[in-house]
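Residue numbers (my numbering), protein chains in the order written: chain W, 1 to 428; chain R, 429 to 595.
By construction, these hints were calculated from the structure, which means they are not laboratory data. It should be emphasised that the depicted structure is a prediction, and the values quoted were computed from it without experimental measurement. Be aware that one or more of the hints could be misleading.
As the list claims (entries may be wrong) - DSS-like, lysine-lysine: derived pairs with alpha carbons at most 25 Å apart:
1) R:LYS454 / W:LYS88
2) W:LYS161 / R:LYS454
3) W:LYS88 / W:LYS74
4) W:LYS88 / W:LYS78
5) W:LYS25 / W:LYS114
6) R:LYS454 / R:LYS540
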Amino acid sequence: MSSLISNLNSALSGAAGYWLLTFLKVVLLLFIVLTVNAYLTWFERKVVAFMQTRVGPHRVGPHGLLQPAADGLKFLFKEDAMPAGVDKFVYLLAPFLALTLSLASLAVIPFGPKPLPFAFFGGHQINLWITNPDIGLLILFAVTALGVYGVALAGWASNSKYPLLGGLRSSAQMVSYELALTMSVVGVVLMANTFSLSRIIEAQSGRTLWGILPAWNVWSFHSGFPQIVGFFCFLTAAIAETNRVPFDLPEAESELVAGFHTEYSSFKFAMFFIAEYTSMITVSCLCTILFFGGWTSPFADSWTFTHYLPSAILIPFGLWVIYDGLKYETIFGRVALPGIGTALAAIGALLLAGIWIQPLQEANEFIQAPFWFLAKVFLFLFFYVWTRGTLPRFRYDQLMNIGWKLLLPVSIVNVIVTAAFVLYRSGK
Amino acid sequence: MNAPLIIFFVLAVLAVIGAVSLILQKHPIHSALSLIVVMVALAGLYLLLGAEFVAAVQIIVYGGAIMVLFVFVIMLLNAGEEERTDFSKLAKFGGLPLALALTGLLAATMTKHGASLPNPGTAGTLAPTADLSTALFTTFVYPFELTSFLILVAIMGALVLAQREKS
Numbered sequence: 001m002s003s004l005i006s007n008l009n010s011a012l013s014g015a016a017g018y019w020l021l022t023f024l025k026v027v028l029l030l031f032i033v034l035t036v037n038a039y040l041t042w043f044e045r046k047v048v049a050f051m052q053t054r055v056g057p058h059r060v061g062p063h064g065l066l067q068p069a070a071d072g073l074k075f076l077f078k079e080d081a082m083p084a085g086v087d088k089f090v091y092l093l094a095p096f097l098a099l100t101l102s103l104a105s106l107a108v109i110p111f112g113p114k115p116l117p118f119a120f121f122g123g124h125q126i127n128l129w130i131t132n133p134d135i136g137l138l139i140l141f142a143v144t145a146l147g148v149y150g151v152a153l154a155g156w157a158s159n160s161k162y163p164l165l166g167g168l169r170s171s172a173q174m175v176s177y178e179l180a181l182t183m184s185v186v187g188v189v190l191m192a193n194t195f196s197l198s199r200i201i202e203a204q205s206g207r208t209l210w211g212i213l214p215a216w217n218v219w220s221f222h223s224g225f226p227q228i229v230g231f232f233c234f235l236t237a238a239i240a241e242t243n244r245v246p247f248d249l250p251e252a253e254s255e256l257v258a259g260f261h262t263e264y265s266s267f268k269f270a271m272f273f274i275a276e277y278t279s280m281i282t283v284s285c286l287c288t289i290l291f292f293g294g295w296t297s298p299f300a301d302s303w304t305f306t307h308y309l310p311s312a313i314l315i316p317f318g319l320w321v322i323y324d325g326l327k328y329e330t331i332f333g334r335v336a337l338p339g340i341g342t343a344l345a346a347i348g349a350l351l352l353a354g355i356w357i358q359p360l361q362e363a364n365e366f367i368q369a370p371f372w373f374l375a376k377v378f379l380f381l382f383f384y385v386w387t388r389g390t391l392p393r394f395r396y397d398q399l400m401n402i403g404w405k406l407l408l409p410v411s412i413v414n415v416i417v418t419a420a421f422v423l424y425r426s427g428k
Numbered sequence: 429m430n431a432p433l434i435i436f437f438v439l440a441v442l443a444v445i446g447a448v449s450l451i452l453q454k455h456p457i458h459s460a461l462s463l464i465v466v467m468v469a470l471a472g473l474y475l476l477l478g479a480e481f482v483a484a485v486q487i488i489v490y491g492g493a494i495m496v497l498f499v500f501v502i503m504l505l506n507a508g509e510e511e512r513t514d515f516s517k518l519a520k521f522g523g524l525p526l527a528l529a530l531t532g533l534l535a536a537t538m539t540k541h542g543a544s545l546p547n548p549g550t551a552g553t554l555a556p557t558a559d560l561s562t563a564l565f566t567t568f569v570y571p572f573e574l575t576s577f578l579i580l581v582a583i584m585g586a587l588v589l590a591q592r593e594k595s
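Working from the sequences, and respecting the hints, build out all of it.
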């Protein structure tokens, strides 16, 4: 048995093993992201429902937890209608482009600083990213720039007036906001001196304000000027770029039915849907990386007790899920929910046991960085849902005014001020 | 055949097919899409030469911004399929010989002076973006500023033209 493993290890140690490892990582990331996407729709519907004092999905599975699976099945089995007179090639290309590009952008996101602490795959380092190029940020912008085509071509190829108007609106909107989006991150690039996402995070790893706050770009003076203005410009432009409320004019249903994807049904519609939610995740990751220190903890390094925060969240949450599940109305819920709760609480307890057991301690230390990264990403995803539940849609002229007359000038001023501060710092 | 060479041929074939299809397609949108394929394939070739910054900018500016405007205008005008007119006399008779002459000239130059051309970088190594920006802002600062001034003038020109139309 052990000789088999060592043979396997030596077979995987070459370049072929590296490609296989990357392929497996891509498959794993796709699986995780698509699952998160599915549950993001559930989360969004639940949160918006609670904001409007409704219950939200609660029929399929306990608390509606199987609703995403039901939706997915529905998409798969619906009739795949293609309207007459469409440009077939472009009509099929559009959802494919939208989905591929939004998923491709996740390849350059770094989720944690350190490779896995043990090497089992032919001795290759297993890093928490697919690839980490020096121009990660530029690649993301390149993919975003191409992302416009998915929406624009879908609108054009549908051979129908509402999709055409939606597609036109969206290409105008995305081109306008791309400028502000790019300008608003120039400040961060100036301060970090690099386009590499992991090095942008490392540049924010210090402490500021006599060690009280982490040196995150959004408020820290440590390497330039606080990017709070840049952050708001970026967030606004990014919400517009992903076509989400309050900038979802391309699919304003009261005016345009469903905008660019009116004529798409079945799984082709689902592809646009998944693309939109994946873009939300990418934007949340970018906000975290560029302005909120990525995987760095908000607490000082000396506060080691904060390393047990994941347990402190998981154990009570798991216990609550068990308690809630035991009095759930359906039998399936009374079995499934306590099961999930037990699993969560057990993971939390194992991490907490790291106080006494050395390997668990190492595991707990390892998950700190991904934990903070994902926690911040989750907050931004919640912000997305929150704005959807709160803000009404802008009018089209308001949208253009905000993009060109507010965000663009403000982000240019932000670049000039930041450049002056960086120059002053480097001169000292 | 090593990996960079295979990637080069794939990208080169993609670029040529895109360019040919750009001319042969009847519908403006299909032509625009072919041009995007050419742009992206060129970006891949730049990346193969180690010019990562140029590759990214190629996609952002040409593949993204400029081609989106093309597509946008085609959609806005709702341009239909073009009618194929007869090729011009020059293209009909001079086209093939001229193309062959150009290819021959390029090939001859390559074979004669190819060895003495500056090496753009061995495959697999990347030119850091920082080096590029240092060169742009020190050695080539005057051409750089002049170019940006030229672009500024073009933007002003566009504004003036748009304003005149309004009044």
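key: Pair hint R:LYS454 and W:LYS88, alpha-carbon separation not exceeding 25 Å   = Distance of about 15 Å is within 25 Å: holds.
inquiry  = Does R:LYS540 sit within 25 Å of R:LYS454, going by the straight-line distance between their CA atoms?
reply    = With a Cα-Cα distance of about 40 Å, the restraint between R:LYS454 and R:LYS540 is violated, given a limit of 25 Å.
query = Is the hinted pair W:LYS161 and R:LYS454 satisfied, with a Cα-Cα distance of at most 25 Å?
reply = holds, 22 Å
inquiry  = So if I understand the rule, the pair passes when the alpha-carbon distance is 25 Å or less; does W:LYS88 with W:LYS74 pass?
reply    = holds, 24 Å
request  = Quickly compare the C-alpha distance for W:LYS25 and W:LYS114 to 25 Å and report which way the hint goes.
outcome  = With Cα atoms ~15 Å apart, W:LYS25 and W:LYS114 stay inside 25 Å; holds.
task = Verify the proposed pairing of W:LYS88 with W:LYS78, using a straight-line Cα cut of 25 Å.
result = holds, 19 Å
This entry does not satisfy hint 6, going by the numbered hints stated previously; all others are met.
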